[in-house]
Amino acid sequence: MSLLVRTILILLLITSIPGLVFVWLMPTEFFQSWMIERATPDQFSQFAAHEQAEAIVVFLRILLPLIAIFTAAGFFFLTPVTHFFTHCGHVISEQTLINREGRRDAKRTILFRLLLLVWFSLGMVHFAGGVSRRIEDWPWYHFHAGPTILPNISESNRDVIRFLKETTENDARILVLSDQKLFFLSYYLLPRKLFHPLHPESEFVIPKAFQQRQLKAYRLADLDPDYISQIAPDYILEYYEGSDYLEKDRLEEDPRWLQYLQNRYGNDFKPTYNVRLRKINPDVTNSFSPQPEQGGTP
Amino acid sequence: MIDLFLILLGAAGVWGSGLVLAQLLLPVASTASQPKSNLAEFLGLGLVTGFGSTALFYLLWAQIGLRYTSGLAYIWMSLGLAGGAGTLFFRYRRLNHSADQLSSSSRAEADFRQLCLGLLIFLAMSTVIQTWLTPQRFWDERAIFGLKSIVIFQEGTILNESLSHPDFVQYHPKYPLLIPLNEAHFYLLLGEVNDRWSKIMFPLLYAGMVLTFLGVLLRSTRQTARSWLFTLMLATVPSMMPWEYGFLSGQADGPVACFHTVTLLYLWSFLSALNREHPHPSVLVRSPLIAGLAAGMTIFTKDEGIAFFLVDLIALSLVTVLYFRKRLISTAISILQFGVTTVVVVAPWFWHRSQLPSTTEMAYFSRMQITTLAEGFSAFFWSVQHLFQCMFLEAGKWGLQWWFLMLSLFTFPAKAIKPHQLFLLLNLLGALAALVIAGMIAPTPVQEHIGGSSLRFLLQISGGAILFIAGQWICQED
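Protein sequences appear in the order of chains A and B.
Our numbering puts the first residue of the first sequence at 1, with every later residue one more than the last.
Our numbering puts the first residue of the second sequence at 1, with every later residue one more than the last.
Please note that a few of the clues may not be correct.
Unchecked claim - Simulated DEER-style distance windows between Cβ atoms:
hint, chain 1, residue 1, chain 2, residue 2, range
1, B, Phe350, A, Ala72, 35 to 45 Å
2, B, Ser78, A, Ala221, 54 to 64 Å
3, B, Arg222, A, Pro27, 56 to 66 Å
4, B, Gln369, A, Glu247, 53 to 63 Å
5, B, Phe350, A, Phe204, 18 to 28 Å
If you are wondering where the hints come from, they were derived from the structure by calculation, not from laboratory data.
Since the model is a prediction, treat every value here as computed from it, not as a measurement.
Ideal Cβ placement from N, Cα and C applies to all residues, glycine included.
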């Protein structure tokens, strides 16, 4: 066991000491350039490579000195460390022996040991995979909270959330007519309150990305004015992306939406889906009355 | 940095409140014959019940018409810190008197214990760090739980117009509030929403589950080293950690796995004690009580808990009829104690739930009719095939627990029919049957419903599988 412990410590030492000198002496930009050169040329991959290189360098700058310190301590306390691992080895071999009626059961012992070996090997592979996954994720998440980065939602959802944050008050009540499930909009727009009358045929339908599955939805004309009064919204938002509800002639109807998009993506930008936000004036009766051209139940 | 400090203090406060409860549930043994709970079980159960008691406190606070404020959160945290520290001090003094029992183990075993403890601490720390490396980003954690927690924090109560309105945009309005109330507690401490910090509860529940598992095994067997070995196995089930839908995310499946595993642990412990010639009365009284509390917390976390509770009751009744007919009345009283405890824990929640809208609710129980089952019969075959694939053919991705379970079953078949082991087998089969039935009666295509949730469901019952495996290999010389 002493030889095995010594060999492992030497291997750790020859990996960690030069490694830590290298990652601490070389600038982060060196690693970033190295990763970027090997990434595919598209914008996302280049960005990911840049950020992941930084994450890997920080990770290694912490990990390698820790390994070096533990290795040095291992050499310093070589005898107790060897005893420690010898004891652990003994306990493992003793505890994985299967006895039946006072006699050793060789087949079951081998099976048990094999299962444990495979189990913990798989555990290590998954652990390494988990660390690798966190490094892959780092470019997108950093240490930001969800509302800052709006993770794992469509680009159109992100735009609508940012638009509503810009144009509505914090405590606004917004009635939304849409052919989407709006849970993430609701989550990121709180304390604004979103109300969305869900079409019964869409209640249990699981949506798919990029409008691959058209959800049934209500249009403004389908709603009873009493229902709208009961919600008492400060705004009504119509937001449709699916082909069944898309009105191409009304894409640029809301000037504030158009302005928001052009400020963000340039003056030539044309919206590709319907977003119409209307402020409701509580003093004006039926200010939410549907316009004639919106008729037609889906 | 202040946020981090507050979150750590808040988590310690939650743990402290759980330790006070754990002290009541696991008092220090007063006589030599009384089974001794150990530090691992005490700390683990403290963590698990801490999150349960915090959520129940907030639920009852709102139900008596009071509002949540940051002051309230700080008071709860301070009470937890003081109570936890006091309980630990009180218990530590008592433990000192009985320290001689620890010195009886060999030097080699002590070294092995230290190695396992080091690995468990490393895994727990790594889980905390990995959890904090991502904000809440999946469907359930935002659409169901995270959304409710932010509304509760901002409105200062669960009795608000938004959560009670059928058209307010939230998924599953009737879903339980254990996770949202705990997250709201952290938001109240921080004074703002940060959906990354509030995820602290998930890795801590992972640690709580692992510690309780270790503690119960150590109490139930003389094979200390194997207890540590199987605990390490539980801690390294890939679908629990580091799979991103497990304890690393804000989904409810990790917490359900934790509470359900703790329920099974204490029912298993109860049945194995009952199987002995002279079971100690304290185990027979306390185990069903703790299991009932944990089952209540499972129901208060996610609706699957209701199915698990029913399966627990059915499996317990079957085992009782098969093995304990001579002690039918006393065993039935214990089962009743388990059931009543669960009902008492969840009663306030169900009272509140009855006032919530049922938008997007699957309403499984009302769909449970012969005609619906017959219509969904084709889903049965698909589900069974799909589960077989996930459990056995994709074991490299989700863990070897189901292979290990089958091998353990066939390696020691006689042991698998002992009451406590048979209970676990029936429980696992019942849970799988419940999933298949849910797929048959749900109003969504089975491929999407079961296909999208089966892995998370299997995660929830993996703790039971590891306990069965441990029971097969661990107690043979006991």
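- Query: Is it true that B:Gln369 and A:Glu247 lie within 53 to 63 Å of each other by Cβ?
  - Reply: Taking Cβ atoms as reference, B:Gln369 and A:Glu247 lie about 42 Å apart, which means the hint is violated.
- Task: Mind checking the hinted window 35 to 45 Å against the Cβ distance between B:Phe350 and A:Ala72?
- Result: 59 Å, violated
- Item | 18 to 28 Å as the expected CB spacing between A:Phe204 and B:Phe350, which holds or is violated | Cβ of B:Phe350 to Cβ of A:Phe204: about 23 Å, so the range 18 to 28 Å holds.
- CB-CB spacing for A:Pro27 and B:Arg222 relative to the 56 to 66 Å hint: About 58 Å separates the Cβ atoms of B:Arg222 and A:Pro27, which means 56 to 66 Å holds.
- Message: Looking only at beta-carbon atoms, does the pair B:Ser78, A:Ala221 fall within the given range of 54 to 64 Å?
- Response: Check passed, 56 Å falls within 54 to 64 Å.
In summary, the numbered hints that this structure violates are 1, 4.
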